[in-house]
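S.K.: So you can see what is in the structure, the chains are spelled out below.
2 protein chains.
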Amino acid sequence: MADALETSQTYILDANKRDMSGARSKGLTDAMLDRLMLDAKRLRGVADAVRAVAALDDPVGSEIARWTVPSGLDIARVRTPLGVIGIIYESRPNVTADAAALCLRSGNAAILRAGSESLQSALAIATALRSGLEGAGLPADAIQLVDTPDREAVGHMLSGLDGKVDVIVPRGGKGLVARVQQDARIPVIGHLEGLCHAYVDADADPEKAVNIVLNAKMRRTGICGALETLLVNESVASNLLPAIAAPLRDAGCELRGDEAARAILPDMVPATEEDWRTEYLAPILSIRIVDDLDDALHHIATFGTGHTELVITENNSTAERFLMDVDAGIVLHNASTQFADGGEFGMGAEIGIATGRIHARGPVGAEQLTIFKYVVRGTGQTRP
Amino acid sequence: MADALETSQTYILDANKRDMSGARSKGLTDAMLDRLMLDAKRLRGVADAVRAVAALDDPVGSEIARWTVPSGLDIARVRTPLGVIGIIYESRPNVTADAAALCLRSGNAAILRAGSESLQSALAIATALRSGLEGAGLPADAIQLVDTPDREAVGHMLSGLDGKVDVIVPRGGKGLVARVQQDARIPVIGHLEGLCHAYVDADADPEKAVNIVLNAKMRRTGICGALETLLVNESVASNLLPAIAAPLRDAGCELRGDEAARAILPDMVPATEEDWRTEYLAPILSIRIVDDLDDALHHIATFGTGHTELVITENNSTAERFLMDVDAGIVLHNASTQFADGGEFGMGAEIGIATGRIHARGPVGAEQLTIFKYVVRGTGQTRP
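If you read the sequences in order, they're chains Y and G. When we follow UniProt numbering, the leftmost residue of the first sequence carries the number 1, and every step to the right adds one. When we follow UniProt numbering, the leftmost residue of the second sequence carries the number 1, and every step to the right adds one.
Keep in mind the hints are simulated off the structure, nothing from the lab. Just so you know, even glycine gets a beta-carbon here, dropped at the ideal spot from N, CA and C. Warning: the hint list may mix true and false statements.
If we take Cβ atoms under 7 Å as the criterion, some of the chain Y residues that face chain G in the derived model are [unchecked claim]:
| hint | residue |
| --- | --- |
| 1 | Y11 |
| 2 | K17 |
| 3 | V69 |
| 4 | L73 |
| 5 | G83 |
| 6 | N94 |
| 7 | K208 |
| 8 | M218 |
| 9 | R219 |
| 10 | I358 |
| 11 | H359 |
| 12 | R361 |
| 13 | G362 |
| 14 | V376 |
So that you can see chain Y by itself, here it is in the shape it has in the complex (with noise of 0.2 Å):
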């Protein structure tokens, strides 16, 4: 597939050339026409990837657990294939090559449904993969790409199809995920949302608030796992709090506060209930200062969205308590909500962040798109 890609490298910048005109066309921002765009060196970043999942082991078959009941007979339980998987998403050209390598990878076969805009170089790249596929000597249509901009299709696909779909997975802002579970008949696997907490304790170690912080807010805004509401405990706020604005200010971070916390910094934007319920995905942080660690836990129960959620402490009973105690998919201590990823969770590649609470949460890599059987072998038991 990985090398299918790059020989079939003109046909697919050819078609990306006119998803690019079109888009043009339609007024599209230069921040979406970026997004949609390939040449040369990103298409064989998406060859690489492809090869970086490629060197995966492979899920299926591997045992999660065995053992042996008074019975005599020998359970395990074996990793298989989901089925097949439906994948909606919206402009960039590579999740059409991501999300159906991961999907081979785990044994399932994947029905792409590209956004209208990356239609063209959705079809080249998928025409690509399938000749790669059969150079491989395995079926082509383990991955299919819907060919049509028609809206009907999503509506096909989020009814299962009569039980030929397994599962579907969103993959873009939050409109597209929140019709998608919505609509859907057949269970879903995706992120809504990712507002993300920190909370700075009493006993934060205050060199590693300033850094977390501002590399959570501020290495990159546009990602899921970026933070997007500060929680300071109020014994430490009037020492802590001047220290970790003053570089996100330097890098051109908007802090809106709730009153206590401008009575420390008065120059903030004054927060209103709206900021915290605001997945700003731009260069704004949220602040709060709270009574300990309970009012944070009860702001992150709140408004949180089940995603990231980060404690700065050096106390580790406050940490442990945070951590056992507070319900996301990924919850930190003392490191950046930005490492919420699947390459730096040591799984290879994502398809995408579950923040639902059914089958997988967080990162879901090649594992988390399978399920299990249990595989029992017996010397001719009957049962009393």
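Guided by the hints, dock chain G onto chain Y, whose structure is given.
M.R.: The following block gives chain G in isolation, referenced to the frame of chain Y:
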């Protein structure tokens, strides 16, 4: 909870009498009345089952895996509760206690919806369970029972109550489960059908084949793990089929065969296409002669429901191919399909056997009623 069930005996048995008299006036069959009926002995059994669940290990907080990544982060995948589990079931009053106990054991809250025939018994049992929770210093609302037979309540549960219910577990007949799977807007863990097959291979041990098939079909015919279709390799059919058939007939089993099977045992009822699709849950067995393993695999792939599938052979490579290639929650080698049960698997208790492809397959015990989160412990890491 178990103690409270026993101290509430009079109250619960009185409520059950009201259900029984209502059921009699509705003209329920004796079998249905027997399923609904509680007496002191049965109630002790219900309490003992709750004690058995209480004795299980607590899955919440246990580490499924733990590793360190190059950035130095220590990452653990830790079990957490699923959240709020909605359970929709039919007439057996013991399900109220079994399901509530299993949900509580795995840290979940349960919203229970009993069948209208058993509503008074279920209400009395739920009241006892809730008082038991309070006595143990736990919130009574961890177990809630819908106190109306109004069918709209089911619709509300299936909608997820605005995100307040995380998963639905239907327990009951095919009609109930199909309705739940059709209408639910949230994930469903359940089993629709157990159309279980046994494939008797050319290398089957005759004695094992005779004993296992008899047990798989006739030990209890009404359970989801009961055998429904027998596939016999044509090279051994003329020898083996009569030996397998005799004890089945002695036990009162009706045999329905395809043409090739009837060429060996002409007095069988002819099997039609409909038989291959039927979960009898009765002393009836459909029998087909197959050419070879591939033919058996094809039949199972066509008609199987993903519940439990069995191969009987002394040839290990045949067995391993069957175990790997058959796509079902449970695949067995040389042991009765009636072992398809959480208790027999060493899980202590089960809320059912899942035939879906998401989250869990096979027996669903306390561990399968959990999900996980990633607990990440750092020392100040920021992401480059």
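S.K.: Now tell me if each hint is right for this structure.
M.R.: Status of the hints after comparison with the structure:
Given the 7 Å rule on beta carbons, the hint for Y11 of chain Y is violated: about 35 Å separates it from the nearest Cβ of chain G. Among the interface hints, the one on K17 of chain Y is violated; its C-beta lies about 34 Å from the nearest C-beta in chain G, farther than the 7 Å criterion. A least Cβ separation of about 5 Å between V69 of chain Y and chain G falls short of the 7 Å threshold, and the interface hint therefore holds. With a cut of 7 Å, the hint placing L73 of chain Y at the interface with chain G holds, because the nearest CB-to-CB distance is about 6 Å.
Restraint check, G83 of chain Y versus chain G: the minimum CB separation of about 5 Å is within 7 Å; hint holds. Interface hint status for N94 of chain Y: violated, as the beta-carbon distance to the closest one in chain G is roughly 21 Å, over 7 Å. With its C-beta approaching chain G no nearer than about 4 Å, K208 of chain Y sits inside the 7 Å limit, and its interface hint holds. The beta carbon of M218 of chain Y comes no nearer than 10 Å to any beta carbon in chain G, farther than 7 Å, and the hint placing it at the interface is violated.
A least Cβ separation of about 6 Å between R219 of chain Y and chain G falls short of the 7 Å threshold, and the interface hint therefore holds. Proximity of I358 of chain Y to chain G holds as hinted, the smallest CB-CB distance being about 4 Å (cut-off 7 Å). Of the supplied interface hints, the one on H359 of chain Y holds, with its beta-carbon coming within about 4 Å of a beta-carbon of chain G, less than 7 Å. Contact between R361 of chain Y and chain G, as hinted, is supported at the beta carbon level, the nearest pair being about 6 Å apart and thus within 7 Å.
Hint status for G362 of chain Y relative to chain G: holds, with the closest Cβ pair at about 5 Å, below 7 Å. Because the closest C-beta pair between V376 of chain Y and chain G is about 5 Å apart, less than 7 Å, the hint holds.
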